[in-house]
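Engineer: Below, each chain spelled out in residue letters.
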Amino acid sequence: MFEKALKGNRAYWIWVAVLVLLAGAGVHGYRVQGAEGLASTGMGVGAVWGIYNAQLPFLAGLAASALFILVPERLMKQTGLSAAAPLSAFLAAVASAMSLLFLAAGFGMPSRIPTLFVNLSPSAPVSWYAPALLLYLLLSLGAGWSLLGARRKGTTPPRWLRALVVVAVPVGLALPVIAAFMLAVMPTHGLWTSAMLAPRILVSGLAAGMGLLLVMVVAMRRSAGAEEGRELAGRLSGYTAMAGLASLCFVGLDAGTAFLGNLPSETYALRLLYSDMAREALPVAYVPFAGLPSVLLASGAVSVLLLFLPAVRRGNLLPALAGLLIAVSAWFDRGPGLILAGQATPGGGEVYAPALPDMLVTIGIWAGGALLLTALLKVTLSVRRERGMA
Amino acid sequence: MNEERRTFMKKAGLGLMAGFGAAAIASSPLFERVAASAWAAAPKRPGTRWGMVIDTRRCREGCSACVDACRLSHNVPTFSDPRRRVEWIHREEGRALLGSACATQKLLPALCNHCEEPSCVRSCPTDSIFRRRDGIVAVDYHRCIGCRSCMLGCPYGEVSFNWSDPRPAITEPTPDYPTRQQGVVEKCNFCSDRLKRGLQPSCSSRCPEGAMTFGDLNDPDSAVRRLLASSDSMRRKPELGTEPKVYYII
Amino acid sequence: MPSKKILIGAAAALMLLAAAYLATGAETGLVSDPASAAAPDTTGCIYPKEYMHSHHMQVLADWKEHAAHEGPDAVMTAPDGRRFQKDLATCLGCHSDNRQFCFSCHTYANVKPNCWNCHISPQDLP
Amino acid sequence: MKKVFLPLIWVALLSCIPYVGVAYFGMSYIFGVVIPYLAALLFIGGFSWRIYDWLSRPVPFCITTTCGQEKSLDWIAHQKLESPATKWQAALRVMTEVLFFRSLFRNTKAELHTGPQLAYASSKWLWMGGLAFHWSLLVIGLRHARFFFMEPPLFIRLVERTDRFFELTLPAFYMTDALVLTAITFLVFRRLRDAKLRIISLQTDFFPLFLIGAIALVGMSMRYVEKVDVMAVKAQMMNLLSFSFAAPVEIGPFFYVHLFLASVLAVYFPFSKLMHAGAIFLSPTRNLANNSREKRHVNPWNKPIKFRTYAEYEDEYREKMKKAGLPVEKD
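Protein chains in written order, with the numbering used here: chain L, 7 to 396; chain Y, 140 to 389; chain E, 185 to 310; chain P, 388 to 718.
Please note that the accuracy of each hint is not assured.
To spell it out: a stretch of chain E is covered by chain Y in this simulated footprint if at least three of its residues, at any positions, have a beta carbon under 8 Å from a beta carbon of chain Y; those stretches are [what the hints assert, rightly or not]:
id, region
1, 248 to 256
2, 261 to 269
Pairs of lysine-lysine residues, derived as DSSO-like cross-links and limited to a Cα-Cα distance of at most 27 Å, are as follows [said to hold, decoys possible]:
id, chain 1, residue 1, chain 2, residue 2
3, E, K296, E, K233
4, L, K10, P, K614
5, L, K384, P, K474
Pairwise CB distance ranges, derived in the manner of DEER restraints [to be verified]:
id, chain 1, residue 1, chain 2, residue 2, range
6, E, S305, P, R548, 18 to 26 Å
7, E, N298, P, V446, 39 to 47 Å
8, E, S305, Y, L379, 38 to 46 Å
Read the hints as simulated data drawn from the structure, not as lab findings.
Built from N, CA and C at the ideal position, the CB exists for glycine as well.
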C-alpha cells in the first residue's frame, strides 16, 4: 500500500520537498549538537531539560488519544467512527515516533541508546518510556495499517486487531502516566510534583488529538469530495469541546491550588508564563514572544467555547480552525509551558530559550513527523478514492 | 527587578520559611544531635558507610583549598560560562546552603551528599548512577546516556553535565585519574579512587584548617562519629528524606 | 489443549527462574574482600599472553563494569591465585612502560576503541 | 523435508572439515593458503566465464518486460522507468532494480477471505527482508577491508564507523551483524512457512542461505564469543593479498572454518543461482530499451536475406520475355 505515498501531484511533492528540507535542517542542527555538545543548545545548568523534553508530555497525551477512537470503534462496534479510526491510529504512531526522536535528541550520548533497553532500571520512569513508546508505535501503526488494508481489500478487519487494541489500551494509557511521573519524581520542581499531571496530560492530549482529527477529517472531506464525514466531524467537534473544557478546568484547578495555597515555585512558574514577568527573564530575542502563552491559552479557551455553539459546529472551516487552535494551545500548556517554566526558579537568572541547533532539531523532528503523517494520510486518501470509485 | 516582582519574591520567601517552620515543629528538627544511641536506633545498612562532617566554624573566609584540590585531582574542567559549569565541590553562602537557621554569610563547601536514599539514583533510567555497598553514590561514566534526569532529581544541584568536551577546559591534567567526555554527567565520588589506595579524600586532606572530617559513619570510634556526638549538626534539606551523609556543624 | 498451555507456562516460568538464579548467582559470586592496598603484582599478566592477545577487550569490558560499580570490592583472582584490583590503572601499571603498547596493534588492525575519550592515554603524557 | 535438512547437513559437514583438519591434523597451510587461492582463482575464472558466456549469447528479440506506458505520441505521458525508451533509461531501471529491488516492491499476495472473497494485499516483506539482507552483506563485505588494507579508504572507514555507532559490546557491536542474522532467519522461514513456497523451494535455495548464515555466525562468534587473534588474521590476509605462500601463524580454528566456508561460497558462486549478482545486469528483459517501434531490432544470427530485384529478374529472362512478347523495361 505504501507505494500510494509515492504517487502524487506537483503540490504534494512540493510539500514533501519542503518537509524534507526542514528535516534536513534538523539533521544539520543535530550534527552541530553532536560535534559541539549540548553547549551549543540553549540548555544549561539553569534549564537542564530544554525544548526536546518539552514536547514529550504533549505527544504522550496525543498518542494516547487514539485509544478514545480505537476502543469504541473496534471493541464497542461504534461504526460511526470507522472513518476516523485509521487516522487516529496514524496520529498516535506519528506522535510515538516523534516522542522517540525527541527523547533521543536530548541525550548527551546517543550512541548509548541501547543501554536504555539493556540496563532497564524499574525505579526510573524514563526507563519505561522508550520501551512503551516503541511498543505503542508498533501497535498503533499495525492497527492503522491493517484497518486501512482491510478497507482497501473491502474485507472486514482481521480478528486479531481486537486483541491488539486491547493490548494497546494499557500501553497507551501508560504513556501520559510515565510522562507525568518522569516530571513528578523531581523533588524540588513545584510545578511538576502534582498528582494532577497525568490526567492533565491525558485530557489535554485528548483535546489536541480530537482537534487534529477534526482538522484531518474536514480536510479529507474537502479533498476527497465525500459527504460521509459530516456526522463524524460533528461527533469529533463534540469530543474536542468536552476534552478542551476538562483541560481548561484542570488548568484552573492547578492554578487555584497554586495561588490559594501560595505555593512559591508554582506561582512563580505560572506568573512567569502568564504575567509580564517573562519580559524580564527571557533573553532579548525572545521578548516579543513573552505574551504567547497568554494568547495561546485565551485562543484555546475561545475555541472550546466556539465548539460548544451548534451554529459553529455545523460549519466546515470554523470547527477545523478551532480544533487546530485547541491543539496548539494544548501543546503549549502541556509542552514548553510545563517543562520550561517548571525549571525556572525564583531568582534563578535567565530563563531557558532555545538556541539555533535545538531550534533546528525541533523543527526537523516536527517536519519528520509531518512527513510521516503526510505519507500515511496520502495512503489513506488514495485508498478512500480507490474504494469510492469502485 | 521591579516592585511587583520584589514583593512577590518576599512573599514567596515567607511562604517557604513558613513551610520550613511547620516541618520543624512537626517532625524533623533543623538541628540534629546525632548521638550514639540515635545511630544504634536508626535503620542502617551494615559495613562501611562513608560520610563527612564539615565544621563551618573552622572554615576560613576566602579559602578555596578544597575546591582547588578537587579540581586538580579529578580533572574537573573549568568553564567560564556559568551555565556550563562543572563542579564536584563548590562554595556557597551558608544561608543559601543550609537555610535561614544558618546565620553565617561565609562561603561553605558544598558537595554531593551521598544520600542514603538518593533521588538521583531513583531517576536514572540506566542504573549508571547507583548507591555502592559502602554508601558512596557513584556514576558509571561508561554507561551514562546523558539524559540528565539525575540533575533534575538531585535536590542539591550537585550533579554536573559535560555540556561540551571537557578536555580543553582542564588546565592541569592529572594523569592518574581519567577525564570525562562530552555528554555524560559527573559528580563528586567521595574520592573512591583515593579510598581504594588508603588515602583520605583530597578536599579534606588539603583543608588547611582541618575543617572537613571524613570517615565511616557506622564505626562508633571514627572521627566523624565523635564529632557528630560532640556538637549539633545540620544537613541540607533534611525534610526531603534523602538522608544526606554530609553534615555541617555551625 | 489446556495441558499444553500449562506446559508452556511452566517452561516459561522455569526459564525465568533459571535466569533470575543465574543473574543473582553471577552477582553474589563477585562479592569478595578488597585486595590489599599494596602495589599490583607485576610478575606477570593476569592471563597468558596468547589469551590476552585475543580476549583483552572482554577482560577490559568486565573490569570496567565491575570497577565502576563495586569500587574496592572489584577484585579478580587470576587462575594462579594472585589477586588484582580491577582497575585500568592496574593494567597501565605494567603496560605504560611501552607507550606504543595499545596503539601499535590497534593501528595495524584498524581498531579504534573509545577508552581514551576519558582515560588519559600514555601517548598523551609528556 | 529432505531438501531442507540435506543442505543443513552439508553446511555442518563443510564446517567440520577445516575444524578437524586444523585442530587435529595441523593442516593450516592447506586451509589458510592453498584453498583460499584456489577458491579465488575458481571464483574469478568462473565468474568471468559465466559473464563472457552470457555476453556472447545473441539476443534474438527485443523482449523488454514493461509495466508502463511506452514512449509514443507527444501528448501521452511516457513512463520513463517502467518502459524505458533509451539506453540511459534502461540503465537507470536496471540500477533501481539492483540497488532498491524495485520489482519486489510491487509484490502482492492473494488472500481468500470469508465470503468467499478474493483480495490482493500488497506484500512488502520479501522486499524488506531482501534489502536488509543484501545491503547488510555489502556493508559487512566492505567492513572486511580492514583486513586487506593497512588503512582502509575513507569511505569504508565512514561506513564502518556508522555501523558500530551504538555502544553495546566490546569489541564494538555492528548493527549489520544483527540485521543480517534477522534477515537470513526471515528468508529461511519465509520458504518454510508457506506450503506453496515450500513446494517450489529446492535444495539450491536453502544451501546458499545456510552457507551464508554459517559464515556470518562463525564470523560473529570469532568477534564476540570464541575469539581469535586479530593480528594474526590480518597478517594472514595481507599475506594472501601480496600473493605470498608463507605459512600462516597460529590462529584459532574458527578462523579457518570462516575462511573455508567463504572459499566454498566463492567456488559455489559462479556455478549456481548466486550468479544473479552478475546476471541481473545482463537480463535482456531488463537491460533493453522498449523501442521496438522506433528501431528495428535485428536478430544477429539471421542469415542475410537474399533480395532479388525486378531488374535482376529481367536481366536473366530478358531474352525469353522478348520472345514471348512480354514488355520489358530495358532493351
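Engineer: Now tell me, hint by hint, if it's right for this structure.
Structural biologist: Here is how each hint holds up against the structure:
Figure legend: the region 248 to 256 of chain E, annotated as covered by chain Y; annotation consistent (7 residues with Cβ-Cβ distances under 8 Å, at least 3 required). Three residues within the 8 Å Cβ limit are the bar, and the region 261 to 269 of chain E against chain Y gives 1, so the coverage statement is violated. Annotation: proposed proximity of K296/E to K233/E holds, straight-line Cα distance about 21 Å (limit 27 Å). Taking the CA atoms of K10/L and K614/P, the gap is about 48 Å. The hint is violated against a cut of 27 Å.
A hinted pair counts as satisfied when its Cα atoms are at most 27 Å apart, and K384/L with K474/P does not qualify at roughly 33 Å. Under the hint 18 to 26 Å, the C-beta atoms of S305/E and R548/P, about 19 Å apart, fit the expected range. The hint said 39 to 47 Å for the Cβ distance between N298/E and V446/P, and at roughly 55 Å that hint is violated. Roughly 42 Å separates the CB atoms of S305/E and L379/Y, a value that falls within the hinted 38 to 46 Å.
The structure fails to meet hints 2, 4, 5, 7 from the earlier list, while all remaining hints are met.
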